[in-house]
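Visitor: Just need the whole structure built from these sequences, with the hints factored in.
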Amino acid sequence: MNTIDWTRDELVAYILLFAANSDFKETPEERDMILSKIDKQTFQDIHDEFNRDNDYQGIKKIMTSLEQHNYAKDDVDILLEDVKVLFLSDEAFDVTEENMYRFLERLLKQ
-17 MNTIDWTRDE
-7 LVAYILLFAA
3 NSDFKETPEE
13 RDMILSKIDK
23 QTFQDIHDEF
33 NRDNDYQGIK
43 KIMTSLEQHN
53 YAKDDVDILL
63 EDVKVLFLSD
73 EAFDVTEENM
83 YRFLERLLKQ
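Residue numbers are given in this note's numbering: position 41 of the sequence shown equals residue 23, and the series is strictly consecutive.
There could be a bad hint or two in this list.
[Said to hold, decoys possible] Below, simulated DSSO-like cross-link-like pairs (lysine-lysine); rule was C-alpha separation at most 30 Å, straight line: (1) 19 with 66; (2) 55 with 91; (3) 66 with 91; (4) 22 with 7; (5) 42 with 7; (6) 66 with 42; (7) 42 with 22; (8) 19 with 55.
The hints are simulated quantities; they were obtained by calculation from the structure and are not laboratory data.
Guide: Pasting the structure below:
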């Protein structure tokens, strides 16, 4: 996978969807939080793509797009704060979500 034709908003949407689905359920609160960051059409387009991908493909796409967009440490920190807000949006930050947060933290801060 050499390039991904995502905008920064599409990348953020994909990462947030990846995180939201870590516990195999996307709550209405999580969906609303993601929609507060991006427009509905972008959300729908990226959601459709997310649904077609497996975890490995998703991780590869995230890593490739992060590199393409030259995400700096501050950008990654902001993105991780968004992930944390997403996980807290349904008032249940369970073990699966905690583990996904740690995974994304390691992945994004490489």
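Visitor: Compare the structure with each hint and give your call.
Guide: Here's how the hints hold up against the structure:
1. 19 with 66: With a Cα-Cα distance of about 14 Å, the restraint between residue 19 and residue 66 holds, given a limit of 30 Å.
2. 55 with 91: holds, 7 Å
3. 66 with 91: holds, 15 Å
4. 22 with 7: Measuring from Cα to Cα gives roughly 19 Å; hence the hint holds.
5. 42 with 7: Status holds; Cα separation ~22 Å.
6. 66 with 42: holds, 22 Å
7. 42 with 22: holds, 24 Å
8. 19 with 55: The hint holds at about 20 Å.
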